[in-house]
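S.K.: So the chains spell out like this:
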Amino acid sequence: MAVLSKYLPGAKKAREDHFEKDDPRQYLMHDPIPRGQMNEMVMESMHATSWKFWMVFGILSVLVAVCFFYAWGYMIAEGLWVAGVMRPAYWGIFLVNTVFWIGISHAGTFISAILRVFKAEFRRPFTRAAELMTTFGLIQAGASIFMHLGRVWLSYWMFPLPNQRELWPNFHSPLMWDLLAITTYVLGSTMYLYLPLIPDLAMARDRSTGWRKTFYRILALGFRGTEGEWRHLHTAMNFFAFAIIPVMFSVHTIVSWDFAMAMRPGWSSSVFGPYFVLGALHSGMGAVAIVLFIMRYTMKHMDYFIRKEHFDALGKLMMMVSFTYAYFIFNDYIIQWYGGNLATDNLLHWLEEGPMSWMFYQMILFNIVIPFAVLWIPKVRQTPWLLAVVGLLINIGMYWERYIIIPVMLTINNMPFTWKLYEPRIEIYLTIGTFALFLLFYMAASRLIPLIPVWEVQEGQMAHTMRKIGKANVSTISDFE
Amino acid sequence: MQMTVDLNRVGAKGAIAEAAEGKWGMSIDRDLCTGCQACVAACAMENNISFVGEEDAGYGRTQHWIRIERFWEGAYPNVKIAGGYQPMMCQQCGHAPCEPVCPVFATPHSDAEQLNLQVYNRCIGTRYCANNCPYQARSFNWRDYHTMPERGNMVNGKLVFPLHNQFNPDVTVRRRGVMEKCTFCIQRIHKAQDKAKSEGREVMDGEFAPACAQACPADAITFGRIDHKDSLVSQRSNEGRGVKHLEDLNTLPRVTYLKEG
Numbered sequence: 000m001a002v003l004s005k006y007l008p009g010a011k012k013a014r015e016d017h018f019e020k021d022d023p024r025q026y027l028m029h030d031p032i033p034r035g036q037m038n039e040m041v042m043e044s045m046h047a048t049s050w051k052f053w054m055v056f057g058i059l060s061v062l063v064a065v066c067f068f069y070a071w072g073y074m075i076a077e078g079l080w081v082a083g084v085m086r087p088a089y090w091g092i093f094l095v096n097t098v099f100w101i102g103i104s105h106a107g108t109f110i111s112a113i114l115r116v117f118k119a120e121f122r123r124p125f126t127r128a129a130e131l132m133t134t135f136g137l138i139q140a141g142a143s144i145f146m147h148l149g150r151v152w153l154s155y156w157m158f159p160l161p162n163q164r165e166l167w168p169n170f171h172s173p174l175m176w177d178l179l180a181i182t183t184y185v186l187g188s189t190m191y192l193y194l195p196l197i198p199d200l201a202m203a204r205d206r207s208t209g210w211r212k213t214f215y216r217i218l219a220l221g222f223r224g225t226e227g228e229w230r231h232l233h234t235a236m237n238f239f240a241f242a243i244i245p246v247m248f249s250v251h252t253i254v255s256w257d258f259a260m261a262m263r264p265g266w267s268s269s270v271f272g273p274y275f276v277l278g279a280l281h282s283g284m285g286a287v288a289i290v291l292f293i294m295r296y297t298m299k300h301m302d303y304f305i306r307k308e309h310f311d312a313l314g315k316l317m318m319m320v321s322f323t324y325a326y327f328i329f330n331d332y333i334i335q336w337y338g339g340n341l342a343t344d345n346l347l348h349w350l351e352e353g354p355m356s357w358m359f360y361q362m363i364l365f366n367i368v369i370p371f372a373v374l375w376i377p378k379v380r381q382t383p384w385l386l387a388v389v390g391l392l393i394n395i396g397m398y399w400e401r402y403i404i405i406p407v408m409l410t411i412n413n414m415p416f417t418w419k420l421y422e423p424r425i426e427i428y429l430t431i432g433t434f435a436l437f438l439l440f441y442m443a444a445s446r447l448i449p450l451i452p453v454w455e456v457q458e459g460q461m462a463h464t465m466r467k468i469g470k471a472n473v474s475t476i477s478d479f480e
Numbered sequence: 000m001q002m003t004v005d006l007n008r009v010g011a012k013g014a015i016a017e018a019a020e021g022k023w024g025m026s027i028d029r030d031l032c033t034g035c036q037a038c039v040a041a042c043a044m045e046n047n048i049s050f051v052g053e054e055d056a057g058y059g060r061t062q063h064w065i066r067i068e069r070f071w072e073g074a075y076p077n078v079k080i081a082g083g084y085q086p087m088m089c090q091q092c093g094h095a096p097c098e099p100v101c102p103v104f105a106t107p108h109s110d111a112e113q114l115n116l117q118v119y120n121r122c123i124g125t126r127y128c129a130n131n132c133p134y135q136a137r138s139f140n141w142r143d144y145h146t147m148p149e150r151g152n153m154v155n156g157k158l159v160f161p162l163h164n165q166f167n168p169d170v171t172v173r174r175r176g177v178m179e180k181c182t183f184c185i186q187r188i189h190k191a192q193d194k195a196k197s198e199g200r201e202v203m204d205g206e207f208a209p210a211c212a213q214a215c216p217a218d219a220i221t222f223g224r225i226d227h228k229d230s231l232v233s234q235r236s237n238e239g240r241g242v243k244h245l246e247d248l249n250t251l252p253r254v255t256y257l258k259e260g
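Going line by line, the protein sequences match chains G and L. Per numbering that gives the first Met the number 0, residue 0 is the first one in the first sequence, and the count goes up by one each step. Per numbering that gives the first Met the number 0, residue 0 is the first one in the second sequence, and the count goes up by one each step.
Next up, chain G with everything else stripped away, as it sits in the complex (with noise of 0.2 Å):
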């Protein structure tokens, strides 16, 4: 709020659009509405389907089952020699999409968890779209490792459970932590995705009839909004929010470990931990962009809901980690080549210019020179097209990374006699088929729950005000929760 200095003759057009302009209306805690009106809204939007809604939904559902459920049981009926692993590429485009969509996974758990610990007023609309990603995304990253097994109906034998001879699980391998890991964290941003809906599926239950009550009533528990409910359920948020951080934390870190542990070029890099952190949350930003964008020009009321300046924050951030992702891959690449072991040489050599350089280039390209470019101009962050594009690059730019440290990076290893490039074949539908299962589950989920917080939006307004300190108009927040 900046305060004008100096009033010229003849400007009173240039004043009122800097009034204008730094009108507190603009943003979304200083709008508020009536409480019914707004949840008539949310309601509303979950309510308004078009055919366009359900022409997508046919159509993803059908490749759902063609690319999903058709394409992975003939590849159980059939083998693993549908898919293109072969050796040395011995793991394939199934691990790049478990990374991936872990990746994804993580940007929900950075905007709800860390930003509500911090207390960042930006991400009170869209924690619950952000936390579905997460919930969703670790159903595809699963999925895919079941997908990349040679015999997935022995999967279980993963799982310590009791057996005649007596054996378990192997706890020395990192398959094995990546099994716990992810399985805590699927539990984990679970119960965090649900606390936080309590109050709205309440809300969503006494303004529903028929089915709708009976499905809100269950998942309600029966919240009725008193005092002390809120309050346990403010305890249980915060110890979920600050439980969660690092769990989030490990489970990427551990998944880097799978290629880290390994004695490979390129994979062998004590910086794999935090680089593929940053990774995930280079790329789940750009996830929380494009999805963004989708519900603002797709759903009823959400114009309101989600705005420039929530757009604009988010490309702040996506520039900040950026800038500590292009740190990370300087770091892992320069170490890497001034090490100047023959194997690491070779590979770095063969990136540069083998056949599948224009893929590394693409993702310094997209991941780094993009986002440095475009992203310091406020232009481009508030405008939610041109936001949702850079989003979409730098999941591109970052899907290449995880395939160049996949299957790129496993065709150079220290016996030259089996080096050899790898091609997907099966795996192309079934890449297919996890990016349409998780839009599928995000379209049913828009439907069946608010995907705004509507408590949280509700929360923000009322405890934002604007102060007059002096000449400035001040935005203050009596927030002590």
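Simulated from the structure, these hints should not be mistaken for laboratory data. Mixed in with the good hints there might be a few duds.
[Claimed, not checked] Listed next, the stretches of chain L that the computed footprint assigns to chain G, with coverage defined by at least 3 CB atoms under 8 Å from CB atoms of chain G:
id	stretch
1	114-125
2	172-178
3	198-206
The beta-carbon is built from N, C-alpha and C at its ideal position, and this holds for glycine as well.
Please build the complex by placing chain L on the supplied structure of chain G, with the hints as guidance.
M.R.: Same frame as chain G, now just chain L:
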């Protein structure tokens, strides 16, 4: 003050593996190897290894437990052999990178023979062991090659597979989805040990050989106990030309390559 470090204590894990009893080992004389691939054929016969066919083999899905690596200079047709032939198989590492990474203990270390075992019916096919093997010695069963319909004959409306008659009954036929690798012909080791035990003696040096060593026309492959100083394989390994492959990775391989000339 003199600073000394007892390497056996520092690398405790390796030291234990090196001091182990009952180690079987191999030496491969690259001076003698002519690259004839007799070992590859013999190994495939002995161990029921699938024939993957031209297309899959070209794509990098050969399942040979031993392979002859050729090294050459230049591009076809101006090719010159440089570096010769290098038979490569599982090195039966004393400190094996493949072992700890398996989530279900499908690839444990045997105390009796000091080999890396592969338990086919425990394997769930994560393929982590193959990724972590610096020698790329493991092969995965991408499909059931031995029951592919085009490999069989239709007899009275029933599909029969004549090639199944040549399977070695001492060795499992692996199904798809599991990892496999060289076992140093553990079935032959056990057979020799059983015979020796019934005759009340130790297994003699050179009493038996794995299929590759038996088939090698140039006698480049020698097999035996490397914890016995006077066995032929120990003598050959220690004669001065012996090198371990990728020794800097501290995998403690049991195979010694005798370098050329």
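S.K.: State for each hint whether it applies.
M.R.: Status of the hints after comparison with the structure:
Taking a C-beta to C-beta cut-off of 8 Å, the stretch 114-125 of chain L contributes 5 residues in contact with chain G, enough for the three needed, and the coverage statement holds. Coverage of a stretch by a chain is defined here by at least three residues with a beta carbon nearer than 8 Å to that chain's beta carbons; for the stretch 172-178 of chain L and chain G the count is 4, and the condition holds. Counting residues of the stretch 198-206 of chain L whose C-beta lies closer than 8 Å to any C-beta of chain G gives 0; at least three are required, and the coverage claim is violated.
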